[in-house]
Amino acid sequence: MPKPGLMIGEVYKNLLSKRATILYPFKERELVHLPEGFRGRIVFNRDKCIGCQMCFRVCPARAIEIIEDEKGKRPIFFMYRCIYCATCAEYCPVKAIELSTNFENIAFDKKTLLVK
Amino acid sequence: MIEVLYKIIQMILFPGFAFIGVLSLLYEWIDRKFYAKLQNRVGPLYAGPHGILQPLADFIKLLSKEDIIPEGADKFLFTLTPIFFFAVNLLLTLLLPICGTSGVISFTGDLIFFVALLTITSILVYTAGVASVNRFATIGAERAVLQFIGYEIPFMLSIVSVVISSGSLTIKNIVESQSNMWYILGPNLLAFAVYVIAVQAELERIPFDIPEAEQEIVAGWLVEYSGKKLALFRLGRDIETLLLCGLGATLFLGGPLGPVIPGLEIILHTLYFTIKSIIILLILTTLKAIFARIRVDQMLVFSWKYLIPLSLISVLIVRVVF
Amino acid sequence: MSFYIPIGPQHPVHPEPLLMKFKVEGEQVIDVEINVSYTHRGIEKGLEYRDYMKGIFLAERICGICNAAHTLCYVQNIEQLLNKEVPPRAKYLRLIVEELSRIHSHLLWLGLAAHQIGFETLFMYVWRDRERVLDLLEMITGNRVVTSYNTIGGVRRNITPEMEQKIRKGLDYLEKRTKYFKKVVMEEPTVLVRTQNVGILKPREAIELFAVGPVLRASSIKHDVRADDPYAAHDEVPFNVITYDTCDVYARILVRIDEVLECINMIRYSLDHLPSGKYRIRLPVVIKPPPGESVSRVEAPRGDLLHYVKSDGSDKPYRYKVRTPTLANIPSTARMLTSRGDYIVYIADIPIIFGSVDPCLCCTGRVMFVDVEKGKSWVWTYNELVKYSRERFERHD
Amino acid sequence: MNEEEIINALKERFGDKIIDCKTPMRRRVFVEVSKECYKDVVKFLLQDLDMKFVEAITGTDVNDHLEVIAHIGYGISVSVKTKVPKDDPVIDSICDIARGAELYEREAHDLLGIVFKGNPNLKRFILPEDWPEGVYPLRKDYEAKHPKPLR
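Residue numbers (the working numbering), protein chains in the order written: chain U, 1 to 116; chain B, 1001 to 1322; chain E, 2001 to 2397; chain A, 3001 to 3151.
No lab work stands behind these hints: they were computed from the structure. Glycine included, every Cβ here is placed at the ideal spot set by N, Cα and C. Please note that a few of the clues may not be correct.
[Said to hold, decoys possible] Facing chain E, a subset of chain B residues (Cβ under 10 Å, in silico):
{"hint": "1", "residue": "1040"}
{"hint": "2", "residue": "1041"}
{"hint": "3", "residue": "1206"}
{"hint": "4", "residue": "1288"}
{"hint": "5", "residue": "1294"}
{"hint": "6", "residue": "1296"}
Excised from the complex, chain U in its bound form:
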């Protein structure tokens, strides 16, 4: 049965309720809720890494390159190529790679998007 203006109760209810959006980029940043296990920016723990290159082999986006430093082979991560699939973290045998909840991977300079 058609009822014109059916939503009028709902819209006035929403007039009084709190807004659904948050003023994200400038204020209310603490209201951004991220669950455990969110796939954000990669955090790399150099001390744990054994240089097995597994992450390099499984990365579907070629976002990982292997370089050599004083302790031997190690990966570096190009976050601007990363697709946040977390395959590297999954295959890492020593859990040296973790994905943090930092999701704001925006930069003017590509170099700041390098995880070492």
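Since chain U is already given, all that's left is putting chains B, E and A on it; use the hints.
Only chains B, E and A this time, still in chain U's reference frame:
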């Protein structure tokens, strides 16, 4: 001499163009903010406290944008239409009784003048669409004319009800005749409902934003306008909103009338007028929030099947009562 | 007098590039020509260059919204090639994520449909409440939209009992809201006049033109891959195939809303009957399936999705073929958009009719953007651009 | 109707024109037929066995020839495979018996250069307008280069 000077000040500053400009931008802000609240959004936020300066910021931004005239367009009409649109609306505001029972200009039968000039704005919408020689604009212009056929008659008939009740065609007399009782409280309630719906169509707001339906024909008759011309159209539209809300307040809600403290008449009258017209604006915004856009043929059917008979009934009732 | 109006490649209502040339007479549409050749990304070719494990993530990116369906279809295909059976718990988890993303897709579509008929408030409310599904997906899989959940041999994450409670709570909220939206759609007269008897596709035509998914079910044909060709845990989880027989946009809206309600029940059932045990069998990084071919079908939110793979025994697919639901729906869309007899399409109906098939052009034309062959320069001067656009405009005229 | 019955019905109707039949998994049938009776097999499946839907048409480049596979199915998916030579890739169109298959044929034409005789509208469909004629990206001799960055 002093009288002429006083008239000019009235015309330019208060309650003339400057005041109207500020008020219309305020109305746009209220419209946007209230619409956003109804939809559980934030609305304008950053320009000024609670984004109150956002319409002004938009206006200034548009003024600074590049002004493009399409190659195939009728340059003369294309340029002139926004100016006319703005000017006609601005001129009409002088007839509104804002700070007293009569407007800046007031003469016998000025309601006819008012309604006639309002019709011109609808025709200007058509010329704007046709002059820009764009497919979407042409379709928008076509739709604007079709819609015009739909809403204009109920709009006028609803005004006729008020005219019959007051027995006068002069805005000043209509306002003064409401000093005892507003017309909305009497048999004119039906006419008020018809008036609000017709105004919604005249202002091209959901559910009657058919001529500029964004999802269908991009922006309809406005599609080719940019820069200063678009700014003029936007401001003209804001003023028209104020105009029609104000006219509704004048005809049905007693306009600037209300309890007055001696010495503060001008301020209180203005306040009453603003509050009453904002109430109408809020009704319009609520209507915008609870409906989907209908098709132009459905709009015509709705208008001729329901709106016009209703307005005729309203005229009949008023005629019997008064 | 008839003339052409172009809808697209850029148009406010279609975020994706697509050109529909409409021959119109006044407000009536006489004829339509659809051109989708703007977004070929070469994914089928790209899959031939990736080994099977990496291919999952490319298959996921065929379509953003139905990514769960695409990965599911992909991994099923490879599992069929390898002749491996996944653990029962993984099947249920796959189903849960797939149905959650279906709820997401349908609610997103409902919002868009409301936007297409100019019902901005409903659009805002639907998208606000859709956030709840996204939160659930984010909690389960680690990301809001792109789930990366299915993998060859199972799923990548488990659902813990705390998550289960949250999912149930979220589902209760979604059910309440979806029922409200259904009420709005069924009772608000402006919605009814815009959707009833609009975009009619008769059952006979729907079969003739091979429509799929909700479009087909709205034309009263009972066809659903989940029922006809059950995959994952669909043979154990009961559900109803929703059909409506009015064959118009209204029926499509109701089919999708009812499917959301049905999905909620399915997820509840599978949470109740979630088997214990492993959720993944570990496979080596480099998979070399035996030579052979396989066809896998999944009911994506938009309809029947088909993947075909041919393996030659190496670690990469020899040929990978994707048939997305939107491609199958294009002929029926063209039919819906053409006036014939006393069925008249108005310009105002174009957005909602085209929207009612839930078009996804990034699925449809999976093509390449950079012109490798000619090595063309893509840095254009302003004048070149103007010239190019004028040429294009004249050509399309 | 199950997989066995479909295969039996096909064998009964077409005899030794069916080159190969197999059911590698449940509800999947792969049938290989000769080029001449491809259309008849599709017609038989669609109309006599009431499979209703052509789900997709896949083309594959198998080095010395091209394979055309029509995936037909309602519940069971039957893939009708046929071979066409590479230098003359012409095959009968199934447009007249399955009108919705037109776009699938155009897609295969675009990507592999298979010519479907009888398709009324065999124009460019998926590839961009300025894609060079005669270059078919899904053929094995087409090597996709990694696109260079714009800057």
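Hint-by-hint comparison with the structure:
1. 1040: 6 Å, holds
2. 1041: 6 Å, holds
3. 1206: Holds - the Cβ of residue 1206 of chain B comes within 10 Å of chain E, reaching about 6 Å at its closest.
4. 1288: Residue 1288 of chain B check passes; min Cβ-Cβ to chain E is 8 Å, inside 10 Å.
5. 1294: Since chain E brings a Cβ to about 6 Å from residue 1294 of chain B, closer than 10 Å, the hint holds.
6. 1296: 7 Å, holds
In summary, the structure agrees with every hint in the numbered list given earlier.
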